[in-house]
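Asker: Listed below, chain by chain, are the residues.
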Amino acid sequence: MATEKQIETMEWAGTSPLPARKSPFSRFMKKLIRQRLAFVSGIGIIGLIIIAIIGPSIIPYKITTVDYQYVLQGPSARHWLGTDPYGRDLFSRIIAGTRISLSVGFFSVLAGAAAGTFLGLLAGFYGKWVDSIIMRICDILFAFPGMILAIGIVAILGPGIMNVVIAVSIFNIPSFARIVRSSTLSARAALFVEAERSIGAKNRRLIWRHIFPETISTIIVYFTMRIGTAILAAASLSFLGLGAQPPSPEWGAMLSSGRDYLDTSPFVTLFPGLAIFFTVLVFNLFGDGLRDVLDPKIKD
Amino acid sequence: MPEPLVQVKNLKKYYPAQSGILGLKKVAVKAVDGISFTLNRGETFGLVGESGCGKSTTGRMLMHLTEPTDGQIIFEGKDLASLKGEELRSERRHFQMIFQDPYASLSPRMSVRAIIEEPLIIHGVKDKSERRERVDRMMELVGLNSDQADRYSYEFSGGQRQRIGIARALVLNPDLIIADEPVSALDVSIQSQIVNLLQDLQDQLGLTYLFIAHDLSVIEHISNRIAVMYLGRIMELAGKKSLYAEPLHPYTQALISAIPIPDPQIKREKIVLKGDIPSPANPPAGCPFHTRCPKAMDICRTVRPETIEKQPGHFVACHLYN
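Protein chains in written order, with our numbering: chain H, 208 to 507; chain A, 3 to 324.
These aren't lab readings, by the way, just hints derived from the structure by calculation. Think of the CB as a built atom: it goes at the ideal place given N, C-alpha and C, for glycine as much as any other residue.
From chain A, some residues computed to sit far from chain H (all C-beta separations above 10 angstroms): (1) R115; (2) K130; (3) Q255; (4) S281.
Calculated pairs, DSS-like style, for lysine-lysine (alpha carbon to alpha carbon, straight line, at most 30 angstroms): (5) H:K335 to A:K14; (6) H:K335 to A:K86; (7) H:K409 to A:K14; (8) H:K409 to A:K128; (9) A:K28 to H:K335; (10) A:K297 to A:K243; (11) A:K11 to H:K409; (12) H:K409 to A:K86; (13) A:K80 to H:K409; (14) A:K130 to H:K409.
Let the hints inform the model, and build the full structure from the sequences given.
Answerer: Shown next as C-alpha cells:
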C-alpha cells in the first residue's frame, strides 16, 4: 500500500537556520512610532511626568506665597499665567499641582486595576459560583454612575485627597474585573493552557504564569485610558470640595476657588482647566494608540 | 504475552443538552458510549474514525482533560477515572499528550526551553542544571538543535513546533503518550518525518502510544492494533494485519476501500457510504451504523450488537457474525 513509499526519512528539520529575530520591544516601538498621535501623546506624558518630578523645585514662586498687591492679575512678565484671588502665582501652582493630579490618577487606577484584575482572573478562571458572586457585585457597583459612587464613598470616608484615591480606585474595580474576566475566559480555553493543565500544572500556576500574561496587554491599554478619567474624577471631587483642601494646588480645587471670578478674571479658571484638559487628552490619545499597537489583529 | 499498561472499561462521556420546545426535553449527547480496550506496554494502539465519532474525546478522557461520565481507566491497579486533586496531578506524569495543532498548543510567550522545562518544574525537579541538561538532551533526541532553546516557539516551522510538543510530552519519561492527530495539521512531507520520529522514540524509550487519527494510511503505518470507532462506539478492534487484510465490519470495509492506491492499474471496488453520520444526540436504535450500512438486516435496527471475538484478537460488533 501507499504508506511505505510516502513515508521516507527526510533530512532533519531541526537544524535549518531560523530567520533573524527582532525583539518584541523593538517591534512594539516601531508600531508605536507609526501611530503619530499616540507617539506625540506619549512624549506629552513623559513631559508631564518630568514636570511632576522636578516641577516643585524649579517654580519661580512658592505656592503659598501671597502677594496682596497682585491679586487677580492677568498674565504678565512677573506672573506668567497671572495670579489667583490671594495673589499667588498661578504658573507655580499649576506646575506644583501636576504631581498631585498625576499621582492621584496613577495610584487610584493602580489600586483599582490590581483589585479588579485579581477578581477578574478568579471569576474567569473558576467560573460557576465564584464568577456569579464577583460579577453580581460588579453589577451593583456598575449600577451607580461613577461620580455618584465616588461622591458617596468620599461622603462616608470624609473629604481629603487620600479618600479621593480610595473612592476612584473603588469605582475602577468593576470595569477592570469585567475586562480581565473576558480575556481570562478566552485565555483559559487556549490550547496551550490546556496543554499545561494536562502536564499537571496547579491552578495557581495556570493563572499567574499562563493566563495573566495573556491579559496584560488589555490591562495596559485600559490602564492608560482610565488614568485620564481618574484625573478628571479626582479634579471634579476636589472642585466639589470633597478632595484636596485649600491651599493645596490641586487643579480641581483651583478651578473651584476661581469660579467666583469667571466674568472678571477668566484666566484663574482657564489655566487650571487647560492643564486638566491637556493631561486627560494625552492619556486618552495614548491609550487609543496603544490599543491599536497591541492589537495582534493589526499587522505591521 | 503482552503486558497490559492501561485498561479502559466501559468508558462513557455524555454531554447534557436540551431539545424540544423551550428546551424542556433533556437529552444526552453520547460522545463516547461505553467503549473498552486495553493498551499493552510498548505497542501503538490506533484509534480511527470520522470526525465526531468520539476518538478525541476518548483521548481527552484518558488525560482527564474531559471528565468521564462513567467507566474505568485502570493504570497500575488504580482507577484514574475516579482520581481527583493532588493525587490526579501527580499521576499525570505517566500520561502525556501530543496535540493536533502545533501552533496553538505552545505558549507564544515562552522560550522553547521554558516550554520543555515546564513539566519538570511542575513535577518538582528543583535542580536548575539538571533541568537544563534534560531539556538539551530532549531537544537533541527529537531532532532539534539545543542551541535554539532560547528562541520563541513562533520562530519555528510547524514540523519543528510539533517536535517541541513531542519533547515537552517526553521530558518526564511518561509511560503512555496520547497523540491526538499529531500529524494531521502538517504538510505530508513533514507528516512522515514526525511519524518516523515517533517510531524511533518508541524503539528507544519503550513508549506506549494511543494514536488518534482519521488518516488510515498513517494509522496503518504506525499502529500495532487498531480500533475503529463510529458514533461513540468501537465497531471493530484487531491487529493491523488482520484488520487491513480481512476487515469484518461493513464500516471498516468501506473505510479501507476508500484508501487511494498509488497504482492506476489496480482497480478496487469502492464502497461508497450514503448519507451523513447521524447526530450523537439522537443516535439510531440498534446498531448505530445501520442507517448507512449496505448489509443492514432487520435485527440491526432494533438490537445493539454485542462485541464478539471472531478470531483470536479480532473483535467486531456486528450482527453478521453472530
